[in-house]
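Participant: So the chains spell out like this:
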Amino acid sequence: MEPIVLDTLDPLIEALRERGYAVVGPVVRDGVIRFAELGSAADLPTGWGDEQAPGAYRLRARGELVFGFAASPDAVKRFTHPPRTSLFRMRDGVPERAPVEAPKVAILGVRACDLAALAVQDRVLLGGRYPDEAYRKRRAALFLIAVTCAVPGGTCFCASMGAGPRAVSGFEVALTELSGPHRFLAESGGERGAALLAALPSQPAAAADLEAARAVAEAAAGRMGRRVDLDGVRERLVQQRESPIWNDIATRCLTCANCTMVCPTCFCVTVEDGTDLADGTAERTERWDSCFTLDFTELGGAPVRASGAARYRQWLSHKFSTWVDQFGAYGCVGCGRCITWCPAGIDITEELERLR
Amino acid sequence: MKKLAVFKLASCDGCQLTLLDCEDELLSVAANVEIAYFLEASSARGEGPYDLSLVEGSITTPEDLERIRRIRRLSRHLVTIGACATAGGVQALRNLADVGEFASIVYARPGYIQTLDRSTPVSAHVSVDFELRGCPIDRRQLLEVIAALLAGRRPVVPTHSVCIECKARGNPCVLIAHGTPCLGPVTQAGCGALCPAFNRGCFGCFGPMQSPNAAALNARLRAAGMDDEELARVYRTFNVTSFGGSCDA
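Quick mapping for you: the protein sequence lines, in order, are chains A and B.
Position 89 of the first sequence, counting from 1, maps to 89 under full-length UniProt numbering, and the rest follow consecutively.
Position 77 of the second sequence, counting from 1, maps to 77 under full-length UniProt numbering, and the rest follow consecutively.
In isolation and in its complexed conformation, chain A is listed as follows (with noise of 0.2 Å):
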């Protein structure tokens, strides 16, 4: 389908209820621009920016722009692979397998790193001989709507790591905010964003408006807070492996695991058991448990990376380096979420140049 150009975003959220879909996208709340359920294109953050650095985030009115801000704290995981769920239940020794709750959101605001963040945990949790079943049907209930970044954070690096700001892929519409006048150029990734698309009221794209979106994406390429020069990174990390440098960074490190949460990639997870008082059950709950933590290495009853230094080391080893031995490709799609929300403020992208 060829490209369109959208005046309002109402028709979009409306279609998408229409077909069923409960339509989350980028709300201001509690301090943040966050994804919440969206009644209409009103609850959208209008005018407003925030302004990312190093353990810092602040809102600031900005512009008109509808998205012009980064990252958000929520990464699409949330949706994906939620903090806790429900493996199974045993009654009177019977297991009874948890339901799988995968209800039909639409996210409306995606960006280019979290699509690419989705294609890495599609790698890691459907590859392999061991699929997870609940994160398939949960990706699946999803209906994706890309937005090119217009305005990168002080902490994005995504155009060093090659996956934005423009989405090229993993979505089934994608929109780019032009201005002059204001509106929105819509194209369509598959054959559910074409037909969504089709039944909107639009105008067909102008070469301009094709000029235009590519000079967006074009502009906030430029304008990253953040670079990582990767030539080389796999190897030096291994090589590096005996490096000062990790003590160092272990003074600051709190090891409270902020970035790990933060992150639209870490999948690690545990497993707890409990017990019900009430009605003698017992349940297997699955959670995000993190690199960070004591326990996630706890073996024969003391942990194997017991310092703060062998458990960042694990952790920035597995982004740039293990994770491509595993998966073929880097654990990190360059939002920068780990570097706003550390409280220590501590910099991926400082580090690894340190460790060089």
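For the record, the hints were derived by calculation from the structure and aren't laboratory data.
Small disclaimer: the values here were computed from a predicted structure and weren't measured.
All residues carry an ideal CB built from backbone N, CA and C; glycine is no exception.
Heads up, a few of these hints could be off.
[Unchecked claim] Short derived list, chain B residues pointing at chain A, Cβ under 10 Å:
1. L20
2. N32
3. E34
4. V156
With chain A's structure known, arrange chain B on it following the hints.
Facilitator: Frame of chain A, contents of chain B only:
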């Protein structure tokens, strides 16, 4: 049926009230254990020995010392509940001062007061099978400990940071997004990130997490405007003995 007892030392009663606060689950608890001794709920004084004794409060008097040894002898499992019992509580602020001086200011006849120089956790005097942290403790964690001990399994009580629960709950970080001082990164989870969920910073009532790096957090808290006196106060309020010298780091 297994026998449960609830004892109180120097404390405010808030933690044992958590058991009554279980409301919906209280009948299930009562159906699975005989609540033999729990003066907050009943004046019945069922005889020991007890299969599970929950002990609230810190050791602050010579009498407490004798009682806790007796309770230990009567208890198969002894679980301490709350910051008083696990870390000395707010009353351990006396550990940083001269108790004799306090008594002389507060009481007309300080000679009647029999008190120890220090407020100490129960584990400083007898062996404790499990310590449940918090000021007050968390209702769900209390139920988990009771259910686990009845089933003969290890309670699922993670010792990682509050941040993991905070992110799972979907709170925005109050320290980073609002500039509100928060002890979450050095504090043990268990409360469900209650304070940050209401836009308040964590004040550390669950005590230090498994690998706290207070020096690193303090650099950040100083940048957020806290001076050394405020840092000392926030670390010392609920867990004087366990956060220890974090404020001086």
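Participant: Next step is simple, just say for each hint if it's right about the structure.
Facilitator: Taking the hints in turn, this is what the structure says about them:
1. L20: violated, 16 Å
2. N32: holds, 5 Å
3. E34: For E34/B, the interface hint is violated, since the closest Cβ of chain A sits about 14 Å away, which is over 10 Å.
4. V156: holds, 5 Å
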